[in-house]
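Enquirer: Okay, here's what each chain looks like letter by letter:
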Amino acid sequence: MEVGTPDMGHKRLQGKLRTKILELHYKANSGHIGCSLSCIDIMISILKFKEPGDTFILSKGHAATALYTMLNETGEIPDEAMETFYKNATTLPAHPAALKYAAIPFATGSLGHGLPLGAGIAKAYKLKSASWISYVLMSDGETNEGTTWEAGNFAVANKLDNLLVFIDKNGLQGFGNTVDIMGDTASAKVWEAVGFEVVEVDGHDIGSLLQTKRKLMENKNGKPKLIIANTVKGKGISYMENKLEWHYLPMTETQYNEALKKIETDYNL
Amino acid sequence: MRKHFSTYIEQIAEKEEDIAFITGDLGYNALENLASKMGGRFINAGVAEQNMIGIAAGMASQGYRVICYSIAPFVVYRCLEQIRNDVCFHNLPVYVVGNGGGYGYGIMGSSHHAIEDIACLSGLPNMRCFVPAFIEDMKVCLGEMFAHKSPAYFRLGLGKNIPGYLTLKSYGAATDENTMGALTIIAQCPVANNLVAALKEHKYKDHVELFVLNKMPLTALPEDITGSIMRTGKVLTIEEHISIGGLGSAIALLINENSLPVSKFVSLHAEGYPNGLYGSQSYHQHISGLDEENISRIINTYF
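So the sequences go chain by chain: H and L. Per numbering that gives the first Met the number 0, the very first residue in the first sequence carries number 0; after that it's consecutive. Per numbering that gives the first Met the number 0, the very first residue in the second sequence carries number 0; after that it's consecutive.
If you are wondering where the hints come from, they were derived from the structure by calculation, not from laboratory data. Heads up, some of the hints might be wrong.
When the alpha-carbon atoms are kept at most 20 Å apart in a straight line, the in silico SDA-like pairs for lysine to any residue are as follows [claimed, not checked]:
(1) H:K125 / L:E15
(2) H:K127 / L:I18
(3) H:K222 / L:G45
(4) H:K127 / L:L123
(5) H:K125 / L:G45
(6) H:K127 / L:G39
(7) H:K158 / L:V46
(8) L:K148 / H:L98
(9) H:K127 / L:V46
(10) L:K148 / H:A101
(11) H:K125 / L:L123
(12) L:K148 / H:A97
(13) H:K222 / L:G39
(14) H:K125 / L:G62
(15) H:K158 / L:R40
(16) H:K99 / L:S149
(17) H:K127 / L:R83
(18) H:K158 / L:N43
(19) H:K158 / L:A34
(20) H:K99 / L:I18
(21) H:K127 / L:R40
(22) H:K127 / L:G38
(23) H:K99 / L:G39
(24) H:K99 / L:R83
Reference listing, derived: stretches of chain H covered by chain L, where coverage requires no fewer than 3 residues with Cβ under 8 Å from a Cβ of chain L [claimed, not checked]:
(25) 77–87
(26) 116–122
(27) 145–158
(28) 166–172
Derived coverage of chain L by chain H (criterion: at least 3 residues anywhere in the stretch with Cβ under 8 Å from a Cβ of chain H; other residues may be distant) [what the hints assert, rightly or not]:
(29) 38–49
(30) 61–68
(31) 76–89
Virtual Cβ for every residue (Gly too), placed ideally from N, Cα, C.
Isolated chain H, as found in the complex (with noise of 0.2 Å):
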């Protein structure tokens, strides 16, 4: 596994951008936050740096809160929104609506869509020259979901290295252990056989996401690319971290003011 240099320089958003999560399911007495955690640090190597016509989707959209946080940090969400999160008559529901932002180009929550439309987008890129990126974000157990590999063999045979693929690897899915369920279906071996270029590191990163992403699109060879972004769900609270149920469960208000104290800590806000 590549692990970049540390990037102390991100940090203070990293956790400025946690407590945000955290506030909006707090708020919402609402789940799905180990999710969000493990895969926000992916999430502002992407979209504080693409291009105006490059796309992302988020193929897990059950991480909405962390595309909701970043679009608000990026000032596609307006902070009106965001206070209506999960209530009645919102924009933002718990997984991504359809034709709501135009930097949310499709509403996901049903795994295994993400990659056949990014692809999709990257094909048409191809068509009209233009040399944008296709951004998708997975999560690992998203490769379970047999379009995942269509979509991928797709990308293969059309050439699509203006595709950009992460997989937010944090080891588990709905209901156990990512590998003891169908296997390591996220592994670097088995996506570099179809023939995706492929390159492993610490998703918490964002030095080294950034240093990974920019190498691989230099590359053009042909070949889609994969970055299989290690990471700890729950990522930033201890008594989160790599747990199942956080997948699933709200904050007491013990528990979100813990948690607030150690993000205020550990990411020196």
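Start from chain H and add chain L according to the hints.
Expert: Relative to chain H, chain L alone:
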């Protein structure tokens, strides 16, 4: 219809560069012209229909109008969630074209039939289903499909030329208003050709007002049909589709919603596989009572 379909696509794709065509590995002896003329915009996405719809939605989000082509059941049932979530929720111009439809693939068996396709698709948001019966209205439907950048399903059956006594209408085709009209018949899809055959020498032919509808969902009755039902008070619907979610059930609902006085209503529709046996398209039509003879017999019961 398939030949006319591919010629139409070839012509429109030559003029309009935003049209792309994806096949789910189908097209032998039918789509070679498109493969050679459309260049990179003709894509074989392999035997992976769910992905094909996702790819199409992705491309459509970048400005393409994308046709997805396969045998009707494969491109409808297997990828229903992709059609709903990826295409319809986002109101994208992905045109799902199902070859066959109904019992069109006959002896190929039930895996190749699509007799619930309209029920599955016509209730999805933004979806327009085109079910032409004749070569002439197929061309009109294709024009309409491409004219709007929104989702569509096109059931491509084995249509014949439209009979001389029918006139093309915005909703399909119809006979002229008939002062002797005693029965309103509303048909859909190429099974309408069996009705045309049944009426050819029928003693009550001049007492029938015939409508062929080529679009679903049917959210309102065309005025012509309302007028006809008011005159005749008797309705027969004919479709190569199950009764649930099809033409007959839609007409029945609209008749009731509009409080139209109807003394007799019969729906002829696909019955599935009631005897558990298989055969040609004509065989299955016969088993469902959609054949010329039975249609003729049912018409007699109205007089």
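Enquirer: Tell me the numbers of any earlier hints that the structure contravenes, in ascending order.
Expert: As far as the earlier hints go, 4, 9, 11, 17, 20, 23, 25 and 28 are violated by this structure, in ascending order.
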